[in-house]
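Colleague: Here is what each chain is made of, one letter per residue.
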Amino acid sequence: MIVEAKSAAPPTEDERRLRAPWRSVEIAFWVLAAAAYLLLPHQLPLLAQAAIGGLFALSVDLLLGIAGVMSLGHAAFFGIGGYVAGLLAQSGWGEPLSGLVAAGLVAGGCGFLSSFLVLRGSDLTRLMVTLGISLLVMEAANRMTWLTGGSDGLQGIDVWPIFGVWEFDLYGRTAYVYALGVLFACFLLVRRVVHSPFGLTLRGIKGNPRRMSALGTPVGRRLVGVYTLAAALAGIAGALLTQTTQFVSLDVFGFDKSSEALLAVVLGGAGTLYGAIVGALMLMELETLLARITPEYWQFWIGIAFMAQALYARGGILGFTVRLWTRLRRGVAAPSRTAP
Amino acid sequence: MLTVLFDGIATGALLFLSSVGLSVTLGVMNFVNLAHGVFAMTGGYVAVVLLNRWGVPFLATLPAAFAASAGLGVVVERLFYRKLYDAGALEQVLFTTGLVFAAMAAAAFLMGSQHQIIQLPAFLAGQFHLFKGFDLGVYRLFLIVFCGCVALALQLVLSRTRFGSRLRAAVDNATVANALGINVGRLFAVTFAVGCGLAGLGAALGVEILNLDPSFPLKFLVYFLIVVAAGGTGTISGPLLASLVLGICDVAGKYYVPDIGAFIIYGVMVAMLIWRPHGLFGRRAVR
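Chains as they are written, first to last, in our numbering: chain A, 1 to 340; chain B, 1 to 287.
Quick caveat, the hints were computed from the structure, so don't treat them as lab data. Do not take every clue at face value.
[To be verified] Facing chain A, according to a computed beta carbon distance under 8 Å, are these residues of chain B, among others:
1) Val75
2) Glu77
3) Leu94
4) Phe95
5) Phe101
6) Leu225
7) Ala229
8) Tyr256
9) Ile260
10) Gly267
11) Met269
Remember, it's a predicted structure, so these values are computed and weren't measured experimentally. C-beta atoms are modelled at their ideal positions from N, C-alpha and C, and glycine is treated no differently.
Work out the full structure: start from the sequences and follow the hints.
Modeller: Okay, structure coming up:
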């Protein structure tokens, strides 16, 4: 409202940043994602998985790339969401959208409660506490066989058609549209949050928490907020996985789940939001390719990819592309700037 | 009861050997080294191969395990870790996690995914009957004595030698130590190698007790982290005490309450990190 009232004057840099108009590249990205439904009909189950991985990576990016909080145990919330959706569907309420909401709420609640434990201390302490909490949750799920089915996973999940109309089919058509739709909705939310004053303070906290605190930002409260939001989003992603595959097992809590999301974020470029999604897609393709070549030992090459990424490609693929793009554009624009 | 205590101490002694090196890289050098278990596993497998395939006597495999792990440590440190010291914690996490994944797959490829079994020499097998109802495994007794000797030796090196006093100075304040002409980089590299070697030694000794298989680096990552977190940095007694407590808790937990055994360990870790983020006995590391 206030921004609109001022719109007679040319917007300042701050206002423009807060409004964050959509760029054509962004629109093209989503159009392309939607077009994949028609262009790659045989890849849809895989692409649905990539969309889910993208949502999970997006939640990690919100935490790591925007707020600078590193977590080695974000899969805890992914798993909690997955099991909430699975248990709901198993006990006779298979409505998918309300399942998502429930999973998001429960995971967000758990995130809120654990944030007070996590957000103390240094990076190292945080890494260890998040890892410890995710192992605790996994062990708890493993022991509560009466609830979770233990290491056998949760059987007999029956998910109803979306809006009572579209049933989940074998070819993953419904699953892809559903996953992409949820990803888009969540992305809109995250994009809005990142460009809000709240998001700007998060970026400030990432840069220098002490100075932000001196500027009057309640650093602790902001971090609790973003941790809760990221946990809820991870929970929704986990619920999506359960609903589209009609199965959930203890794997969802795994350490490799958390670390792969980190890799996806860094691979795509931390703090860019789109990077998380692109990174998740690339990681998924890479894993499928490797699993086809060496079904048993693909983890070896994934490990090598991790190491190469850490050593040589800081800033990620998207960061690299953006740097290249700006350099090219500056190269074109430079002569006109020097002209009188 | 006493047997549980005894087994717990033996496990703790192994944990001490395996993780004391990590307290230097993680605690002192501020390098998030999640791949410490990889170096330990290497030593364990070297010992297994030498013993089972080539028939080398058990005691002779131990120095070989130490040398293999230390050698791998030197190579990895010089080639890769050194480049990441200045990088953020995120790059370090990614690199070491990748190393763990690659090493686990490589171990499964080379050695198979089963638990390794070794044939102990006759003089270390069997039971030692102390009094009624209290039997000591000879091997576990050997472990405790051996690890006790190593801890003592480390303590002496740290407190009595020039190397030790330099290391203590570097731990207290690396910048000032550097300014005083101590080559902190080389000092840490040597310490890192020795730490890796000890880890390999620990895994070689614990092939059967710790269940050596390709998932070893991930399985024991948490244990190592707990020892470092609880033991603090810059002392030998801190990690030693932490390992012993952890070993006893672990064995007792698995023995008395098998249903929630692992749960207790993780719970203790999280609780302790929140209570004392800088370790139970440790001083705060100065960067």
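Colleague: Take the hints in turn and mark each one as holding or not.
Modeller: Hint check:
This hint is violated: Val75 of chain B has a C-beta 14 Å from the nearest C-beta of chain A, more than the 8 Å allowed. Among the interface hints, the one on Glu77 of chain B is violated; its C-beta lies about 14 Å from the nearest C-beta in chain A, farther than the 8 Å criterion. With a least beta-carbon distance of about 4 Å to chain A, the hint placing Leu94 of chain B at the interface is held under the 8 Å criterion. For Phe95 of chain B, the suggested interface contact is upheld, since its CB lies about 4 Å from the closest CB of chain A, less than 8 Å.
At its closest, the beta carbon of Phe101 of chain B sits 3 Å from a beta carbon of chain A; the interface hint therefore holds under the 8 Å criterion. With 8 Å as the threshold, the beta carbon of Leu225 of chain B comes within range of chain A, its nearest partner Cβ sitting at about 5 Å, so the hint holds. Against a cut-off of 8 Å between C-beta atoms, the interface hint on Ala229 of chain B holds, since the closest Cβ of chain A lies about 6 Å away. Against a cut-off of 8 Å between C-beta atoms, the interface hint on Tyr256 of chain B is violated, since the closest Cβ of chain A lies about 15 Å away.
Given hint, Ile260 of chain B at the interface with chain A, holds; its Cβ is 7 Å from that chain's nearest Cβ, closer than 8 Å. The restraint placing Gly267 of chain B at the interface with chain A holds, with a minimum CB-CB distance near 6 Å, inside the 8 Å limit. This hint holds: Met269 of chain B has a C-beta 5 Å from the nearest C-beta of chain A, less than the 8 Å allowed.
Of the hints listed earlier, those the structure fails to meet are numbers 1, 2, 8, in rising order.
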